[in-house]
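Undergrad: One-letter residues, chain by chain:
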Amino acid sequence: MELVIILVVLAILVGIVVVLYNRLVRLRNAVVNAFAQIDVQLKRRHDLIPRLVESVKGYMKHERETLEAVVKARNNAEQIREQIAGAIGDSQAIAQLGQAEGALGNILGRLFALSESYPDLKADQNFRQFQEELTSTENRVAYARQSYNDSAMNYNNAAQSIPTNFVAAAFGFEPPVAMLEFEDREEIQHAPDVSFT
Amino acid sequence: MTSFNFRAQQERTRRHTAMLVLFFVAMVAAISLALGLLLAIVVGYDEGADLLAIDPSLIIGGAVFAAVMIFGVALVRLISFGGDGARVAQALGAEEVTVDTQNPYKQRYLNVVDEMAIAAGLPRPRAFVIKHEKGINAFAAGSSPERAAVGVTHGALAKLNRQELAGVVAHEMAHIANYDTRLNMRLMGMVFGLVVLYTLGRGILRSFIFIPRRRDNRSVPVALAIGLGLIALGLLGVLGGRILQSAISRKREYLADATGVQFTRNPSGLANALKKIGGGTAGSHMDNSHTEEARHMFFASATGSLAGMFATHPPLIERIRALEPHFDPATDPIWNEDDKTMLRESRREVAGPWG
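Just so you know, the protein sequences line up as chains A and B, in that order.
For the first sequence, the numbering used here assigns the number 1 to the initial residue and increments by one for each residue that follows.
For the second sequence, the numbering used here assigns the number 1 to the initial residue and increments by one for each residue that follows.
If you are wondering where the hints come from, they were derived from the structure by calculation, not from laboratory data.
Glycine included, every Cβ here is placed at the ideal spot set by N, Cα and C.
Treat the hints loosely; a few may be bogus.
With beta-carbon atoms standing in for the labels, derived distance ranges [what the hints assert, rightly or not]:
#1 A:VAL32 to B:ALA8: 27 to 35 Å
#2 B:SER144 to A:ALA123: 38 to 46 Å
#3 B:PHE23 to A:ARG51: 52 to 60 Å
If we strip away everything but chain A, and leave its shape as in the complex, we get (with noise of 0.2 Å):
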């Protein structure tokens, strides 16, 4: 009788214990997938940007310095990206991303302030079409960073709290994700507003 009840008590334990790995896995995968998600809309803004100046170009031709500031930082926050793909731990390359992403984010509300005293460019259909994807990508990039967020914030949570955290340490789980913040943040969140009509 007592063998039973044994028995019972340690399948309910490994049942628990079951449960909240997979619960641990699910986190864990959601975060992986978010900041995966994070790095694909990075690629589409930095894609972007040199047709963006490519099409500039012939109207601009007085900002050829912000243009180039442009394209460096583009390349700069390019490389940082290639760099850290999928390195979600660290937390010290994630926040040079974020610097580097910053800063592109700042000379591209230059241009675009600039742009406002060339009327052809304004008009310019093409331009237009660029502006609603540019817009689109920052806001891209703003989403996936906040669901990048909410979903570490999950995890942390699980990772950090009883009874979770003694199945996170038992089985190796992670230490707390870092969440993302971009100096910028302000002017991606209201990247709409920035539209130069």
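Chain A is already provided as a structure; the job is to place chain B on it using the hints.
TA: Positioned in the frame of chain A, the structure of chain B alone reads:
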């Protein structure tokens, strides 16, 4: 950003819906039981037994038969619909928007759908537009996120700005993420099962009116009683089912508003879209003849003629106040905007000052 607490609102709504769905199932069970009882009484009477000595196994057998029939009909209907959102969209007369579109409004719309799918962490649903509808409305369909479709009316594309459109699309993504589209299809199937009860009862009655009587007088009162019972219970069930379905739908609308704001983190986008519906002359009304049976699916009330217990959507003003507690229709500039201003503002955003 306001202090709108979307998480608490979601929690409350989930509890309410669970209770209403339970009511619905209990109602179907009660109707099945009543049918079983009716059957047992009628058969018992027919066999000349005492009314009080009815056979309990007959009651249970009849009840199980009725329940299996209602659920079976619901299941067949669900399977025949297939759960493919794109098919539902096409049945509503909507046209798919593809990535090669050159229309700047549609390009923006596709981008917004992409953005909201990213925010929701779901695959991108297929995107549709209902042409020729001047009202501002939208829908989501499909039994799972993988087979989902969203659609907006032409009026929504033309009158909303980017943030408002994002609010509307986020609301529809929220319906998909919360599996409202699936719940709604199931409820529609159950109501249909109850409709079939009524139809069956009417069929039995008709067969006695139109088919020349055979000289078997004994079975006439039995069939008559069963037919009338089916009609009464079927009608009762359909009525109750509609009321419960509408109550559930109203709860899910609040939930989708809250979840949509969780995606955009921008309550004013959604609030302003709702205000434009309230202010515009076309509102959310749809001329499409299919809308009556699909009215549960839309962003805002599509028919507008029903209120109270049968309304599928909460009143606009209450939905706006859930997002902006101090909203006052009398003084709000967007609520009082006319259609022309909406169209002009939106065109300025899409095509620029010279577009």
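Undergrad: If a hint holds in the structure, say so; if it does not, say that too.
TA: We went through each hint and held it up to the structure:
For the pair VAL32 of chain A and ALA8 of chain B, the supplied restraint of 27 to 35 Å holds, since their beta-carbon distance comes to about 30 Å. Restraint check, SER144 of chain B to ALA123 of chain A: a C-beta distance of roughly 45 Å satisfies the suggested window 38 to 46 Å. Distance hint check for PHE23 of chain B and ARG51 of chain A: the Cβ-Cβ separation is about 57 Å, which falls inside the suggested range of 52 to 60 Å.
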